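Protein chains: 2
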Amino acid sequence: MKENLSNKIIRVSAIQMKMTKDSEKNLSNSLRLIKKAAQEEKADLICLPELFSLQYFCQTEEPGNFSMSEPVPGPTTHALELLAEELNITLVASLFERRAQGVYHNTAVVIDGKYGYLGKYRKMHIPDEPGYQEKFYFTPGDLGFKSFKTSVGNCGVMVCWDQWYPEAARLTALNGAQILIYPTAIGWHPEEKNILGQTQHEAWELVQRSHAVTNGCFVIAVNRVGFEKHPSKQSGIEFWGQSFVAAPDGRVLARASSADTNILTVDLDMAEIKKSRLGWPFLRDRRIDAYEDLTKRLID
Amino acid sequence: MKENLSNKIIRVSAIQMKMTKDSEKNLSNSLRLIKKAAQEEKADLICLPELFSLQYFCQTEEPGNFSMSEPVPGPTTHALELLAEELNITLVASLFERRAQGVYHNTAVVIDGKYGYLGKYRKMHIPDEPGYQEKFYFTPGDLGFKSFKTSVGNCGVMVCWDQWYPEAARLTALNGAQILIYPTAIGWHPEEKNILGQTQHEAWELVQRSHAVTNGCFVIAVNRVGFEKHPSKQSGIEFWGQSFVAAPDGRVLARASSADTNILTVDLDMAEIKKSRLGWPFLRDRRIDAYEDLTKRLID
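Read top to bottom, the protein sequences are chains A and B.
Every number in our numbering is 1 more than the matching position in the first sequence, counting from 1.
Every number in our numbering is 1 more than the matching position in the second sequence, counting from 1.
In short, the hints are calculated from the structure, not lab data.
A couple of the hints might just be wrong.
Calculated cross-link-like contacts (lysine-lysine; reagent style DSBU-like; alpha-carbon spacing at most 35 angstroms) [claimed, not checked]:
id, chain 1, residue 1, chain 2, residue 2
1, A, Lys194, A, Lys9
2, B, Lys36, A, Lys276
3, A, Lys43, A, Lys115
4, A, Lys136, B, Lys230
5, B, Lys150, B, Lys276
6, B, Lys9, A, Lys276
7, B, Lys136, B, Lys9
8, B, Lys150, B, Lys234
9, A, Lys150, A, Lys194
10, B, Lys36, A, Lys297
11, A, Lys276, B, Lys275
12, A, Lys276, B, Lys276
13, A, Lys297, A, Lys36
14, A, Lys297, B, Lys230
15, A, Lys136, A, Lys9
16, A, Lys230, A, Lys26
17, B, Lys275, A, Lys230
18, B, Lys150, A, Lys297
19, A, Lys26, A, Lys276
20, B, Lys9, A, Lys297
21, A, Lys136, B, Lys276
22, B, Lys22, B, Lys9
23, A, Lys276, B, Lys297
24, A, Lys115, B, Lys297
25, A, Lys9, B, Lys194
These numbers were taken from a predicted model, which means no experiment stands behind them.
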């Protein structure tokens, strides 16, 4: 990143969307919202939710779903490239990547209006829980943790389940990221929402805010909203929205609602990164001589 | 830990204290509060704040302060051992350790009523900021991150600045800790409290709650309270108290005030650890094949 960017104000829009079963419609809806964020809200950096052109198909293990995958880069990223160039914005989007027959990834791309397609990040931590059967679909990423040099600064991109791993945020920050961006698809199981819902959401938000604090980075979490029914059961997932942006000192700068589609726009004062990192210089004091066992599963 | 402890209810008291200049008085006050917590509140595990027998002498760099150090184990831990045995409690305390002339540590000990002195942890991450001149006093710890098998379960102990390092919490959890305990001395500079105070406290609490969530552990943070004047300036530190206990899902189970001395007592349902770790199985999915660079200062 150019030095003069470190004092810049960056305007960010997180696009909190509801997805339909029609992926063409989701894509055109996204393009419309991106245009709106760029033209009406004057955003420099625009972030879409995880798998933004699809309903969350991972509620079940269905081999037919692999047909929804696409090459990355490919036609969708090409359309996004043209739009980013036209609008002069930086764009983060998440796609179901077909790498080869039998090898698929949950992949995020960074596209810059000025520099074009900058590359991709393949989701490293893959969940597998009732309703989130991702290990069936996605091979764990093999590109490591990455930061991308964009027109708006160094952007680190991770995806959803990565949110829970301080190792991921740390490695992305050590790579130079100033903004950590998490395209996400997380929600409540309606049958447990009353009892666990608030605690689950609070844990999700506070862990990501803690990544902001411990690394002195901005954090952008972009979630979807809406209820998506399980294909064969009465239940489904109520995606909890509440996309948010946190400052390097952990403050929530803006938060969307739990139900509405929303372009959440906020200005990032990039000088806050330096202020936070000098005020509480955590990176200075890491005991890198004593962290070797972090590569162990357990120390037992 | 014995398997049957994993369903036990453990009663914990965090002793939030105010310290005087008289270390004998602080010690006797602590012993009194420990007795009260054990006998009246029926605590099984009792935790004292960082450097509980001393005012926070690190506001300045004063060579004379080294005379307040003591061997660990030594007379103080011996007194605590006798008390722990008498009351049948597990005790976590923090001392200014004299290891040799010229080598001092900020050290926490774990003492068990049944098993005696279990060992010590030497603060690994040492701060150095205006008013917190710890690098002058404390050699960084060389014992690594530790979990101690006690009568109440596996207790991991870290100290204050360690709070900000997810690496420390993770390694302690990987060592088997079920409860992460942070004796602490943190407060506001009065001259910046109005502007930064709330954000600073919130960052401090949320980062520790995030350690609870990401590791599926209980967290106990024990802070001091009261204003301690800087020896030569008009200013000083207003220690912000607000000792708290968080559950493995990040819920704050109890929180003390910012000004009062307080025995904060709360029951830990140890079955919650298993519930959290099965509900959101983060430890299962760590990408230990991709964490090697965590031992680097920066990746540049």
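Of the numbered hints stated earlier in the document, which are not met by this structure? 1, 2, 4, 6, 7, 8, 9, 10, 11, 12, 13, 14, 15, 19 and 22
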